[in-house]
Amino acid sequence: MLLAIANSFWMPDLDAVVAIGPLWGLAGTIVAIVLAALVLGRSAAVSSVITIIGATLTAWICFTHAPRVAQSAWAGLAPAGGSPMLLVDNFAILFILLICLFLACVTGLWMIGASTNARESAAHLRNGPEFFVLLVGSAFGMALMVSTTNLLMIILAIEMASLPSYAIVGFQKRNRIAAEASLKYVLFGAVTSALMAYGISLLYGFYGTLDVNEIGRLVSTELAATDTPAAAKALISVALFGLMAGIGFKISAVPFHFWCPDVFEGASIEVTTWLSVASKAAGLGLLLRIIAAVLQPLAETFDNPLSTTVAMFAAVTCTVGNLAAFPQTSVKRLLAYSSIAHAGYMLMAGAIIWQAKPGSDVANPAFAALIVYIIVYLFMNLGAFGCTALVYWATGSEKIEAFRGLGRRSPLIAAAMTVCLFSLVGLPPFGGFIAKFYLLMALFKSNLVWLVAVALLNSIFSLYFYSRIAYAMYFADDGKPAFSVPAFGRALVIAAAIVILLTGIPIAGGLIGRANQFASHLYPIAARTTFAEPQAAAAKDPIPLAARSAP
Amino acid sequence: MPSQTYAIWILLAPLLAAVLIGAVGLRGLRDKSHWLAIGGVAAALVLALMLFGQIRAVPEEARADIFTRSHKIYEWFRPGFGGLASLKWFDFEFRIDPLTGVMLVTVLSVSLMVVIYSSGYMRDHHGHPERGYERFFAFLALFIFSMCLLVLAGNFVLLYVGWELVGLCSYLLIGFYYPKPSAAAAAKKAFIVTRIGDFGFAMGIFLIFWRCGDVSFAYVFSQAGLAKLVGWETPVALLLFCGAVGKSAQLPLHTWLPDAMEGPSPVSALIHAATMVTAGVYMVARCGAIFTESPTAMATVASVGAITAFFAATIAITQFDMKRALAYSTISQLGYMFLGLGVHAADAAVFHLFTHAFFKSLLFLAAGSVMHAMGGCIDIRRFGGLAKGMKVTAFVFWVGGLALAGFPFLSGFWSKDEILHAALGVSLPLAIVGYVTALLTAFYTFRLIFIAFHGPLKLPQGVEHAHESVPAMTIPMLLLSIGAAGAGYIGLQHGGKLNELLRTVLVGRLEEHAPGMAHVMSPEAAMAMSGVLSAIGILSAWYIYRRKPMIAMAAAFAMRGPYELIKNKYYIDELYDAVIVRPLHDLGKFCYGFDRYFINALLWIITAIPRAAGFMLRSLQQGAIQGYAMGMVIGLLVIVVAVLSAT
Amino acid sequence: MNVNTWLEPIVFFLFAGVVLFSAIGIVLTRNIVRAALFLLGTLGGVAGLYFLLMANLLAAIQLIVYAGGTLVLIVFGVMLTSKSPWVRFAPSRSEAAAATTIGLVLFAALAKIVTGIDWTVAAHPADQPATVRQVGNLLLQQYLVPFEVASVLLLVVMIGAAYLARPEN
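Those protein sequence lines, which keep their order, are chains V, C and R. According to my numbering, numbering within the first sequence proceeds without interruption in unit steps and concludes at 560. According to my numbering, numbering within the second sequence proceeds without interruption in unit steps and concludes at 1052. According to my numbering, numbering within the third sequence proceeds without interruption in unit steps and concludes at 173.
Just so you know, not all the hints are guaranteed correct.
Under the rule of at most 30 Å between Cα atoms (straight-line distance), these lysine-lysine pairs were calculated in the DSSO-like manner [as the list claims (entries may be wrong)]:
| hint | chain 1 | residue 1 | chain 2 | residue 2 |
| --- | --- | --- | --- | --- |
| 1 | C | Lys477 | V | Lys454 |
| 2 | V | Lys454 | C | Lys493 |
| 3 | C | Lys796 | C | Lys437 |
Sample of chain C residues at the chain V side, in silico, Cβ under 10 Å [what the hints assert, rightly or not]:
| hint | residue |
| --- | --- |
| 4 | Val424 |
| 5 | Arg1023 |
| 6 | Gly1040 |
| 7 | Val1045 |
Anything over 10 Å on all C-beta distances counts as not near chain R; from chain V, calculated [to be verified]:
| hint | residue |
| --- | --- |
| 8 | Ala45 |
| 9 | Met162 |
| 10 | Gly405 |
| 11 | Ser406 |
Keep in mind the hints are simulated off the structure, nothing from the lab. We put the CB at the ideal spot given by N, CA and C, even for glycine.
So here's chain V without its partners, still in its complex pose:
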């Protein structure tokens, strides 16, 4: 009897454990922080060090994992006879690596903040373990977001990424602005989650499966079929957009962007950096997976309104972000709008549908361009927010006025900030230019010329408000004394600037080549079955929507 019960459980199988190695790394870090707090006492230093070690370890696992994935063509976990629950392929590994990198960077920023800012540091240091459990928890959620194609897992992953984020936004409990920001974040998150759950339940109801790839196949046949009634097509589209709402919230696409400026302004700056960088990367990774699965099969068969709608979204998001950044006086808010605008640029790639053959080396060029864009964008934002943080900690203000005369007061920080800003505009010879160049080229080749025009126009707009900061740094000196910043902070922002310069011209070609490889890994590969046979397979009876509808 006991044996029978034991047999019905999942037997830990070494292959299965290894297959999702990077995720163990992050989950283990959470446990380690909690245990360390229990055993060694509540120490911010210990938990921050554990976080950095955990991030490094996970990155190392990723590195060792990648060649194995490339060889064996499977990576992940799937129940017997089912579709994969977790899919730690090379695409996921790329994003997990980025997330780990930023986890370490944000932890570093947090350490600087804790050591420099007297007002906030006491609370910071007292509550270090909680902060890091939440931070790593959200990182874990983001890692899950990019390594699954199962709708149930997607919901859980987004919640896993969001719920701790709500808490760390309001982490300074005494700060009213932070609390308000946190509340807004929660409300928006809840509404978009509900929309997403609604969409997902519709999709599950139609097709009886949670696997995105399978749904993509069914959706494309159904949308392509001529006998599907218009209302059914509309319902499918609505369901898909419900799904997109959750992602739109994560990447702050219009109209799910309202939380973004308030939250970015209210949260402490390292949290803002985290949200603007890692959260967006994970959202875009998930978006790519869904587009690859759902929209990709439609490319030849169906000139679909989905693509046009995504394009409209992208255009609106981009324009709203850039225009609203014009009157901002707080650099944090300005960068928040800038991140909305960049979400718009990146969404543009989602509009490009390209029939790439699964298994071939040539991926959708938009996907490769988007991967390059994400990588470059992450470094630009890390640099820009890092500089803002350093200026904030040195001057106590994050207004544009605080940047006045920075070129004299802290030349290296000003230089790094300038690089980041002009890269955000998309000027050569910085990485931002290359990223935008590949993206626009892909748009151009898909005959989305109007979108190219929108993007270019927006880039010109954005030059205005980004250069306001540059102007303040170099041409508006108010004679305040020079200041020095912690060496680690300087190293961080300069490293970001160097990466931007490197991706600008020196390694642009290598980057797109690698990105193309990662993008071609997006097409479904087999996931290993590692579950015991289910005792009684649940009878599935999916009825295609077409069969239910009137002829």
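Following the hints, put chains C and R in place on chain V, whose structure we already have.
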């Protein structure tokens, strides 16, 4: 280890040093930052020597194949907008052959000495680092990286990148003392004047790309590549030569180099004597395949070189600023190298580049040592007889001076002689100019030595006594003096290993291209002649400046007109100022006014639209969650309606 | 005639009526405690519909978690935060008009979609065995990964909640 791995690490070692010094710059470690630079450069030098060993080990029969190969590291970028898959990539590729090997070894060995020297030089008399100590080493390491990139580059675009990077580093280092207006002006001048040449260089590269559709050396210098350039060799070669003229400070773009002496002395030694200024020579040698196809271009190169050599030597005689005199000497010696390139003796030119790097950097370092001891004074009228207090400096200056003067059996003798001998085989007038210049060279060099180091002790105001420099400075100088004395034996014309190796890659050998003119003189006779000329120059300098100082003054007085003309550098700077700089300046002022009052106003009007839109959007974001919810729901509604109407 | 065939529609419309009535009530009432009570009706009605579909476990969870837990939480929240139990919402006319318009348009759009499809009835769920066992098996087999992830999620969220709820110092 494959040779490109060496190449990558040769590049990365100084680059990492530069980044680490520049980015981290820990306050406590600031005065230790030279260790990073020394470590990086030393590692690169060791690797370069190993790479050179590998290059030498290539068997004779495999050379033609291996040395023309391109070592691709990764795909770099795709030019243009055409079809995604069809366009050709520019690769990040290296060219690894004896020319690269020699250049790397030269650059890195001199660099190592200069970096070590700087760790002593960039400090005051109490051993405290100067302001910007770590900045200096970061720039220096960045320069060394750029120079290595320049010589390793396997295509024209990468070469151009290295070319501009060394220009940038030169700018940064000339302007190292930027609070000093003259240093800032000199930096600007160097940057702008070389840019004029670079424009031609870029045009040349465009032309090559347009004709060949590729910029890789492996293709352009192949039979197929050269075939596509038929009929275009002369314009291409002349345009490329423009770049070389700017970079290597040849007439008429030489004016920046003397001013560049505003930079710290180690910079003058490394960048403006040994390495960067020789990039032009390197580039012409590298493109020998194109130049030798065009007699016009070859004649131009040779004449520009010879005229520059003579002309700069005359100016050097009249200068009282020790570093400026050496700068004119550098221009003159670079002229020799171009003369060598122009008379199909590219191997001799590169050989001279190699020896010149040692003795000229040595001379600059010694001049820096004098300057350091004299409290920043470098005017030879204000000091003298320093040999008593500064034995090591005087000794190494002698060694460097003898090598520069082409005194027999020192390095400069061998290499200069080879160039002159080759010139004899091509054109008698050019050779005569060369020999006269050799005489002048010996004269001006020893003029400096006799005035500064011998005779009664004389010190500038405020300097109590002439003290020798610290070991960190004297040891590199002594090591370099070994090179200055002996570097010539590596590349002797007959049986020398270096030239033999170089000939395998350099197009432009005397045997092949000498246009039928028999050797006017036997090699031995030519050698004897240059030895005698150098001795005459040295002796006359001794006679005039040690025995009868009145002669110099009397001569200067007797030939007031020509003397003033030469002393003022033929008024070329003034001419450029009147003809080019002033009008451009006025145009600039006009453009500024136009920009400020017209364009700005126009821009303000244009940007008013998005600004207004921005303010409108801001009113949507009032902070009340109800408003946000409304906005979101309206957005959703738009989507649903759009989807409904689309399906 | 089977009892089900005539009883089921009656029960369905009963529960559906409760759900609809309560939902409209939530929107129209201006008293927050009343709104909470109406919410109880909605949630309970939905639970009833689940029972009708033989989804026993789901119905129980609906009752325990929402009607039991969440609702109590809401009432507590109202009690602890508001100054008097008689707090009234007072939306302005324009807000009410905008909300009504948006709601109606949304309703119209969804109605158009839903009525555009001829829904056929799937197999009657009554033939299937008890759902608790099935759900349990699925959770420990097919959906083990989401189950475990949910546990990590709860751990992290619990720590966050504990931190936010704990008084400073």
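Hints and how they fare:
Restraint check for lysine 477/C and lysine 454/V: the C-alpha separation of about 29 Å stays at or below 30 Å, so the hint holds. A threshold of 30 Å between alpha carbons decides the hint, and for lysine 454/V with lysine 493/C the separation of about 18 Å falls inside it, so the pair holds. Taking the CA atoms of lysine 796/C and lysine 437/C, the gap is near 29 Å; set against the 30 Å cutoff, the hint holds. Because the smallest distance between the Cβ of valine 424/C and any Cβ of chain V comes to about 7 Å, under 10 Å, the interface hint for this residue holds.
For arginine 1023/C, the interface hint holds, the least distance from its beta-carbon to any beta-carbon of chain V being 5 Å, beneath 10 Å. With a least beta-carbon distance of about 2 Å to chain V, the hint placing glycine 1040/C at the interface is held under the 10 Å criterion. With a least beta-carbon distance of about 6 Å to chain V, the hint placing valine 1045/C at the interface is held under the 10 Å criterion. No Cβ of chain R comes within 10 Å of the Cβ of alanine 45/V; the nearest lies about 13 Å off, and the non-interface call holds.
With a least CB separation of 6 Å from chain R, methionine 162/V falls inside the 10 Å interface cut-off, contrary to its annotation. Every CB of chain R lies more than 10 Å from the CB of glycine 405/V, the least distance being 22 Å, so the non-interface label holds. Look at serine 406/V: its CB is around 26 Å from the nearest CB on chain R, clear of 10 Å, so calling it non-interface holds up.
Going through the hint list in order, the structure does not satisfy hint 9, though it satisfies all others.
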